[in-house]
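Protein chains in written order, with full-length UniProt numbering: chain A, 1 to 471; chain B, 1 to 471; chain C, 1 to 471; chain D, 1 to 120; chain E, 1 to 120; chain F, 1 to 120.
Everything labelled a hint here was simulated from the structure, so no lab data went into it. Ideal placement from N, C-alpha and C gives every residue a C-beta, glycine not left out. Incorrect hints may appear among the rest.
What the hints assert, rightly or not - Straight-line alpha carbon distances no greater than 27 Å define the calculated DSS-like cross-link-like pairs of lysine-lysine that follow:
1. C:Lys45 to A:Lys45
2. E:Lys3 to E:Lys82
3. B:Lys351 to F:Lys46
4. E:Lys43 to D:Lys6
5. A:Lys230 to E:Lys46
6. B:Lys230 to F:Lys46
7. E:Lys43 to D:Lys113
8. D:Lys113 to E:Lys46
9. A:Lys236 to E:Lys6
10. D:Lys113 to A:Lys170
11. F:Lys113 to D:Lys6
12. F:Lys43 to C:Lys172
Claimed, not checked - Here are some chain E residues pointing at chain A (derived, C-beta under 10 Å):
13. Lys46
14. Glu47
15. Val48
16. Arg50
17. Gly51
18. Arg52
19. Cys85
20. Val89
21. Tyr97
22. Asp100
Claimed, not checked - Reference excerpt, derived from the structure (chain F facing chain E, CB under 10 Å, subset only):
23. Asn57
24. Asp70
25. Val71
26. Gln75
27. Gln88
28. Gln110
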Amino acid sequence: MLYSLAGKKEGKIYMKKLWSVFLSTFMLLLMMTPIAFAATEEVPKVDSGDTAWVLISAALVFIMTPGLGFFYGGMVRSKNVLTTIMHSFFIVGLISVEWIILGYTMAFGDDATGVIPGIIGSLDKIGLAGTAGQIWTGTSIPELAFVIFQCMFAVITPALITGAFAERVKFKAYVLFMLLWTIFIYNPMAHMVWGGGKLFELGALDFAGGLVIHILSGVSGLTLCILIGKRRGYGKLPILPHHLPMTVLGAALLWFGWFGFNAGSALGANELASSAFVATQAAAAMATVSWVFCEWIRNGKPTTLGAASGCIAGLVAITPAAGFVAPIPAVIIGLVAGAVCYFAVAVLKNKLGYDDSLDAFGVHGIGGTWGALATGLWATTAVNPAGADGLFYGDGNLLSAQVISIIVAYLLGSIGTFIIYKIVNAITPFRVSEAEEISGLDIVEHGERGYSHSLMTGESLGVQNDLTKTN
Amino acid sequence: MLYSLAGKKEGKIYMKKLWSVFLSTFMLLLMMTPIAFAATEEVPKVDSGDTAWVLISAALVFIMTPGLGFFYGGMVRSKNVLTTIMHSFFIVGLISVEWIILGYTMAFGDDATGVIPGIIGSLDKIGLAGTAGQIWTGTSIPELAFVIFQCMFAVITPALITGAFAERVKFKAYVLFMLLWTIFIYNPMAHMVWGGGKLFELGALDFAGGLVIHILSGVSGLTLCILIGKRRGYGKLPILPHHLPMTVLGAALLWFGWFGFNAGSALGANELASSAFVATQAAAAMATVSWVFCEWIRNGKPTTLGAASGCIAGLVAITPAAGFVAPIPAVIIGLVAGAVCYFAVAVLKNKLGYDDSLDAFGVHGIGGTWGALATGLWATTAVNPAGADGLFYGDGNLLSAQVISIIVAYLLGSIGTFIIYKIVNAITPFRVSEAEEISGLDIVEHGERGYSHSLMTGESLGVQNDLTKTN
Amino acid sequence: MLYSLAGKKEGKIYMKKLWSVFLSTFMLLLMMTPIAFAATEEVPKVDSGDTAWVLISAALVFIMTPGLGFFYGGMVRSKNVLTTIMHSFFIVGLISVEWIILGYTMAFGDDATGVIPGIIGSLDKIGLAGTAGQIWTGTSIPELAFVIFQCMFAVITPALITGAFAERVKFKAYVLFMLLWTIFIYNPMAHMVWGGGKLFELGALDFAGGLVIHILSGVSGLTLCILIGKRRGYGKLPILPHHLPMTVLGAALLWFGWFGFNAGSALGANELASSAFVATQAAAAMATVSWVFCEWIRNGKPTTLGAASGCIAGLVAITPAAGFVAPIPAVIIGLVAGAVCYFAVAVLKNKLGYDDSLDAFGVHGIGGTWGALATGLWATTAVNPAGADGLFYGDGNLLSAQVISIIVAYLLGSIGTFIIYKIVNAITPFRVSEAEEISGLDIVEHGERGYSHSLMTGESLGVQNDLTKTN
Amino acid sequence: MSKMTKIEIITRANKLEELKSALNSIGVEGMTVSQVYGCGLQKGHKEVYRGREYSINLVPKIKLETVVCDVPVDQVLSVSQKVLCTDQVGDGKIFVYTIDNAMRIRTGTQGTKAITDDEA
Amino acid sequence: MSKMTKIEIITRANKLEELKSALNSIGVEGMTVSQVYGCGLQKGHKEVYRGREYSINLVPKIKLETVVCDVPVDQVLSVSQKVLCTDQVGDGKIFVYTIDNAMRIRTGTQGTKAITDDEA
Amino acid sequence: MSKMTKIEIITRANKLEELKSALNSIGVEGMTVSQVYGCGLQKGHKEVYRGREYSINLVPKIKLETVVCDVPVDQVLSVSQKVLCTDQVGDGKIFVYTIDNAMRIRTGTQGTKAITDDEA
Ligand SMILES: Nc1ncnc2c1ncn2[C@@H]1O[C@H](COP(=O)(O)OP(=O)(O)O)[C@@H](O)[C@H]1O
Ligand SMILES: Nc1ncnc2c1ncn2[C@@H]1O[C@H](COP(=O)(O)OP(=O)(O)O)[C@@H](O)[C@H]1O
Ligand SMILES: Nc1ncnc2c1ncn2[C@@H]1O[C@H](COP(=O)(O)OP(=O)(O)O)[C@@H](O)[C@H]1O
């Protein structure tokens, strides 16, 4: 479990108010806070091995976001490669600053004295005030290590959304949307699930944020791509990936970083981290194979893009489960993830007709949903005593909790995104004009080209010899 | 030494049966098991620092295999870039699953109760059964950390082979071959050398698998490329690297990951790991310089591909020696590795006329052989008390043991590959047709192009406006 | 503080001889040695967590230098991409060997018995003699771990310079210059600042080498680009980046590795490392945003190259301060760094008219200067008791010390570079001929092309069918 | 041997698919396309690198060449003009040449038969 | 001034080296090559991206242009046809034009002398 | 309808900007540029990959095409020759053709008016 707060396991799952759940989003959101357990006895001393592991994990999660930029960037047309990479790269800057100043205290500030207790934490940690020299409760790492590990999560979540609206949005609207979304959707969500004061002990398990991060971003992406509309020519003109090696590079960096994402979420270098690491590799590997075999059977060709997509599907699905399941269930989770996500992007999307450009929903939304359910099936206290037993280990309560959590995430993601979209669009147009879309956003929005060169001559062709503004 | 099993050093090297060695491959294989020593006293407690180091090392070794894909991918023609990258990327999925289900138990299952004691371990760890909560013998890391670190080794070994047959094999045959090769060649080899029950104490030293991994894959690659035949036009038509920056990226990721490969093989964050890290950098750096100087002298140009190739040659050569030699010998090992491998690929290959497309044998086979010999020359117990003294430290036995081991690896690699090739080729053709080879495998085998775009217009050119199958 | 030597803090700052400072570079150089403190009590035992952290940090810093190759390589014209990447990649080989054989002992050999006490250490550690089995003073890591961590710093410093003279120097001159510069400028500087025997306790603070590494290389680059002269056509013909995604990849790898650079400089996995990690992310993120906003306002377009450049500016500026400042000052340091460096490259450079091809001075020189000053403003013993209080915490002495240090670094960088340039140029010409510059250095100097392929046909076009020398 | 004419159409890259379909529909099957940079009345765009602005005045275009004999040249011109015209500067030009001879490499056939595809 | 003729050969990319040698052997030294996409009888191929199939019907080809005067056009045609013919659809086309004038930039020479390379 | 002439200039890539300016200065505004490989007297260069040397004999060039009617062909030739001549082998060639017709797609105008840009 990602954030082990001090406290004793209270296995009782509150399932009574299932109906009231649908009456109020607010209530539901509060209910998402999982039960928190003390994974380690509280020893208020920094352990160098645990700290080394969490710090390097933070670095690993960091590299995922630029990696995502390449994963996405290779899939768009070359006229939009920079804007797509920028959507991931710039967010690292934007959201890290937001996190340090505001986000961390909103998410992990004290709950009891919080702005809205249960939803938004106390603001007394604004600018990370008071975090220096502290040890994060229930762990043996400095709070600052926890702050920065968490920062990387806050960064990648909105970046995932950008795959849904690639090749057609204005940079200004993107900046505004991402800032608002992080502040008003992500931070409260993180507080309720991980920073919350045990107000509601629904009992949902989410080891490394599969539920929160992947479902939330996937659903937000889906909502947004429907609101913004399809790319010009989508379904009629060809829109092909311009650089698949770049996409594979992105996938490799994502996979690499995901070890920090999942195994780092143990917040220590121990048996649990090792177990989560194995589960991560098991699911990613199996999903790679299963996606490739699915398309091999269906289209007659095993593709490289399929392998790159498959591993991400597996990684997404194992994220909530990584610290709760044994290796063989992890393999099965990956097997299903590869197949389910393949069908989501290859069949479902075309059937439904929305233009989720780079399949943010198809991979993160669907994969995250499957992973959250699978956690309810295969979680076992044999792997993690601080977790719970899933359906296949004799207890159905966890699965119910997972289902409710999923519904909440879908509601929050879609409603929240809808509102923020409307606000942003009222301030500045979200979508580029048709002429701009044809020209490509790199030139229009950023005044750059990804590859402004001639492969043959090695010169910069096509530039006037008077440089207009050289100050 | 990579796998410190509990036990006391027994320096006696069994050299008597040198002739019988050639009578039976089977016998020889058994003899490869090196003596195992207790590097640390058995403290059955997980150490967080050691665990952090082994886990991050596993992540580092992971990134090597995609890195290899880019290293190789940049060297082929652009019409084969994806298939070449896929050969490395897909194997991460395929072999990780194989390892978790079958490979680990074959390699590290109990020897005494093994399927074939001394060759294949007991299958009671199928699906990693019984590994959770265990500490790996002789170390202070969880067995699961050891499992996943080893997994990455099992993954990269077959991937190395793919360089030998690039640009001309069918994907189906590749999948089949790799699976069979890993199960029937790699797993037994790993068991005999690292997982074996001290049946035969030949005394060969192989710190991080230079012998097993590099010689074995290099020789297998050589065998395979001879069996499959040259690329169409090889030696007559020009076949040039299409993207050298991609190759340098691959080399950089390989070098980066190799710190985990070698220093991680200490299985702890200690003096030995630091020493292996230094030796790794020393040899890689020196080999980079020496390869470049060799070609500068011989061809008049210091090349970038030479620098990228040189560092790999040095890394390969230091792999078996990393934990046994001092810094200056490491520099010398690198110096020779750069020169020897350069001559192997620039002179020897052309003389002999086989088409080892990307020099899997020239770099890994030759470099690995040199490294295994060099270990017999410069190993010293001053660096690693659990090791042995080499020829230059007054003891010739180690060198003899290294020579025998090398011969065994050559025999196993070539004979094993020959047999598996014949089996696979009987099931499905290994080689593509001439027309397919001209079209390029990306389109033919995967239905994709690496770069389906126009650099100038940024559009996806060349695609019909009716999308034939959109479901 | 990077190198915590044993000893007690002696806060007295020797400011008296401000004038004599300008009389003798020699004297000034000696004065740069900062006061050294015992950050940890001397426990002569290796800590596995600290060792794991320093070793992985070494690997992280390693990847920065190839990363720099891509950062720079993407910004040149495609006809010079390989030579530019090679400038960074080859230096890893060259300088690592130099470091192991000579550099380490020059920099960290005993001062009292040094070749020139106070400037060059004793040579008794040539070839790393006597380092095995030692623990680095004042830390709990093996000396060999310290050796290799330091090695990566020695490697990247000269690589930074190469950005200043990209696209116009001969490879031979580059090799010679870099070797001489490292031996005669970098090694003594490192000894005086970090390896010195507390001869002069000026009191300047430089946590991870921002002053030494970035100012020194930036100023050396500036000097060199003025001496070598502008690229042909600079300011008249267009010279555009040929591959911005490659530049972003480089920036991402640099940022990733910089966590090891800064947080690794704590030489342990502890509160200080966590704090430095947070400060690093804070400054890099804010500078990314501020550079982009500056150009958005001034040129009307937020660019991807701006984002990639901004993060580097922030990372450079926070380097000397990382272990001394709180998060919010780190944000401010980044804010200013992004803006100042933007104006340096966009306005100042054009005004002054020198051709610092890839802005080695504009980013590293200017950013480093700002960072060194900022350390004098915001350093606080609340963050690092072994540090000092800056101007904003009530003490002006530190700022004065920083200013003197900066002046020394400027003098050393410029004078040293001038002398070495003259020597090298007398031996072999530094600059290529005009015809060579037009052809591009990849072909002329290395006999290679970055991309020798046709995107459309996937074939190697343009090669004669007789291979002239195939031996 | 009736006259063979080469028609060269320089136009916007994003119109290629439409143009190809339109030509196919009037019986023009064979054609060769290349990527070119155009320069004319149409203005290019500005680019910015590290604060420095550049005017890019070569606009990416495609050039489609087809040799016809049976299909009337006028029809090719009018059909092309219809699908390509956007009324914006930069729509491009069509040039018409007479060619002397043609050969289909596969069969060695020369003259108009070389480009009449019904024989395949 | 004898007649100058431009010969334009559109064919498979992998045949370039052979064609060049064959032309060299009959005295054609100067030539200009470009990369083009062809469209004709030859079918393209299918590509698949995330389960969606696309028909690619522009086939990569090379176009070799050479202006000759001394070497007989017929010889160029027959020699080219011989090396390029594979009997498979997609071998390509050769087009022949008359040109009015030529100039060698280096010397300023106009007319046939501009392309007769023995003067260099 | 006065005669329309196509002028095709094959020359070094790094001369493009100068050539463009020179042509603009004599009233040639419209032009189309493509990237080509040239082969002639100029020798290529050697490349080395893993110790093996290759001779690259296709030299990157650019091809600039412009159709003129008002501007005298001779003037285009002489101006181009002046800016492009370096006296080194490899300066390139200029070829001149007559064309039959031209059309400006945007307006549908045919003949010489199609390429006279003052109407825009
Ligand atoms: N005289 C010419 N010769 C060759 N190509 C030309 C000529 N004039 C225009 N072109 C081509 O036609 C394209 C469009 O021309 P332009 O003048 O920009 O717009 P329009 O054709 O709509 O008036 C140019 O980019 C260029 O490629
Ligand atoms: N009418 C034409 N005009 C211009 N180019 C043509 C024409 N017909 C064919 N081509 C070119 O010749 C190539 C080969 O033609 P295709 O019809 O596929 O095969 P084949 O020439 O063997 O009959 C095409 O890809 C195209 O580039
Ligand atoms: N006969 C020709 N037909 C077509 N292009 C030619 C011909 N001769 C030369 N060229 C083009 O002109 C370029 C320069 O020619 P080259 O013979 O190398 O030098 P120069 O023109 O200075 O004598 C060649 O690279 C080629 O592109």
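Hint-by-hint comparison with the structure:
no. : hint                 : in the structure
1   : C:Lys45 to A:Lys45   : 19 Å, holds
2   : E:Lys3 to E:Lys82    : 25 Å, holds
3   : B:Lys351 to F:Lys46  : 21 Å, holds
4   : E:Lys43 to D:Lys6    : 23 Å, holds
5   : A:Lys230 to E:Lys46  : 24 Å, holds
6   : B:Lys230 to F:Lys46  : 24 Å, holds
7   : E:Lys43 to D:Lys113  : 20 Å, holds
8   : D:Lys113 to E:Lys46  : 30 Å, violated
9   : A:Lys236 to E:Lys6   : 40 Å, violated
10  : D:Lys113 to A:Lys170 : 53 Å, violated
11  : F:Lys113 to D:Lys6   : 20 Å, holds
12  : F:Lys43 to C:Lys172  : 25 Å, holds
13  : Lys46                : 8 Å, holds
14  : Glu47                : 7 Å, holds
15  : Val48                : 5 Å, holds
16  : Arg50                : 5 Å, holds
17  : Gly51                : 2 Å, holds
18  : Arg52                : 7 Å, holds
19  : Cys85                : 29 Å, violated
20  : Val89                : 23 Å, violated
21  : Tyr97                : 25 Å, violated
22  : Asp100               : 29 Å, violated
23  : Asn57                : 8 Å, holds
24  : Asp70                : 17 Å, violated
25  : Val71                : 15 Å, violated
26  : Gln75                : 13 Å, violated
27  : Gln88                : 7 Å, holds
28  : Gln110               : 21 Å, violated
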